[in-house]
Amino acid sequence: MDLQSTGETGAHYILRQLQSFGVTHFFMVPGKLINAFMRCYPNDGSGTLEIEPVVTACETGASYMAEGYARASEKIGVCLVIGGPGVTNALTGIASAYTDHQPVLLLSGQIASSLEMQNVLQDGSQTGVNLCDVFKPITRSALEVKAGQPLPAFLRESVRLLRGVEKGPTYLAVSKEALYEKSMARVDIAPSVLESWSNQALAVEKIKSAAIKAVFKRSTNLVILAGLRCKNAKVAAALVAFSDRFSIPVATTLSAKGLFPEDHPNALGVYGYSGNKRAIEAFKNGVDGVILLGLDTTQWSTMLWSHELRPACGAIQVDESPDYLGRFLDIDHGVVATGDGFLRLVCEVHAEELAATQESRSKWSNDLQRVPLHYPVDAKATGNIADHPAAYIPVLQSYFPSDGVVCVDSGSHRSFFGHYWTARGPSAYLSATTLGPMGWSIPAGIGASFARAHGKTMVVTGDGCMLMQGLELSTAAKHGLNIVFVVFNNRSYSASYFNNKDNLPALTQIPDYNWCLFAESLGVSATCVSTPEALHDCIESIMSAARPHLIEIKCDGRHATPNSEYSSRLKDHPLL
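If you use my numbering, the sequence shown closes out at 576, no skipped numbers anywhere.
Honestly, I wouldn't trust all of these hints.
What the hints assert, rightly or not - Pairs of lysine to aspartate or glutamate residues, derived as EDC-like cross-links and limited to a Cα-Cα distance of at most 20 Å, are as follows:
| id | residue 1 | residue 2 |
| --- | --- | --- |
| 1 | K213 | D288 |
| 2 | K217 | D288 |
| 3 | K213 | D332 |
| 4 | K277 | D378 |
Said to hold, decoys possible - If you anchor each label on the Cβ, the simulated ranges turn out as follows:
| id | residue 1 | residue 2 | range |
| --- | --- | --- | --- |
| 5 | H573 | A381 | 21 to 31 Å |
| 6 | I385 | S46 | 54 to 64 Å |
| 7 | H536 | D263 | 17 to 27 Å |
Hints in this document: simulated from the structure, not taken from any laboratory.
Ideal Cβ positions, reconstructed from N, Cα and C, are used throughout, including at glycine.
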């Protein structure tokens, strides 16, 4: 049945519009206030929508899944919840998307407008918890659609702002009247929104300016530091082409790990927190000019706001938003442009300057390649390499498909994987690095698996993170996802352990829970290993199976992370 010809409910209209943007799944927890959406999926098979609902264990997990889906697909992520407690449960996920600039739409069913100011159950409107006011500081827009108001206009604005000059989440609460009201007159929002998104900034005259030309002319040892704000497939391709043409070394932040292939001859690896030795040594010794491409100017990404990011011949910061240029970091030159647009135009107008210094730069780059990418694995804490988390990474790397997605959680395992894992694509390595909520990678990896249904996803997490979001394994089991959960069980909050050695052990200790038994109770098969050799014996069969599986790795939480340079500089910031 063509619903448009007979009148379509507001709920069906919303889902159909989201479907038109290529969204294949949305993530939800059922409840009365979103029954209008659930009725779009009748049991008799008469539904007309292709966009699929994914019912999760908790709204927090649903919001993380939407973010993981957005990151892996480079589309928008959608989370659907009830007003009131459903929305508040999703708050941390939306805050994470906000701090990492991810396009996630939080959609909620709201009480009927006619019932406001009557203290009804789960009132999230202006007369209840007032969730729009709660979410305004952590979204690009927070709007309510009440009875009689134009639903298409509110939906268009909420979707448009997901990917404007600034990217980030939006919140849209829709009243019961608006969800059930039928109409044949609602317009499609995709043409207008896609036209808005297609207009990308490119400060042509600034790029052509004498000031920018002078940086390229004077900088022999020029490098690019690429960040999260330009982490996408277009920039990845442009970066490789630019680096190859002019022999320019490229480092990334931890948040942008994988944007430039880390096995490329010009790769410096990660700079900042969990930084690779090659990148750190390059910035300490020899860099005279730098392009800060889509750099997220955070504590971790800037190596504690290091003066190294403003070398003698100048720093050029490139960002799509003029408001972000010079934000949190002093720069010499700011350019409003997309990462790929900037690199293409520089190739056209400054090729002569870059080519003139290429021979010298190529020699310098070759010298840098002699610097090891990684610091040696330090097992002094126990004297046993088998209980060191880093010892398992080469085994996992050897059997994980090159086109797979790795989703890494918060904790000491993040540092080990950020440093020792080799990432080769913009969607190959995902991690929430600004807000850094524990447990994020478990549902985010599930969301990524829905986005990349024909590939392998691996979640890297710890026992502390499992305590927070482990129940979402049930979602992976229900849908038979092609995903592996790697749980480093060190029986501690090990990232906090190093700051609390002199305090009560109970503050950072975790009981030795049986995570294999936990996973199996939720329908996920599981394996426990305590040596890299044991992992090697089983990993091939686990990786080749297209179903969810959990690997519990017994390790020790006392091993220091590969952060000696960052930690030494941290001493200059006693309040951090």
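- Message: Could you work out which of the previously given hints the structure breaks and list their numbers from low to high?
- Response: none
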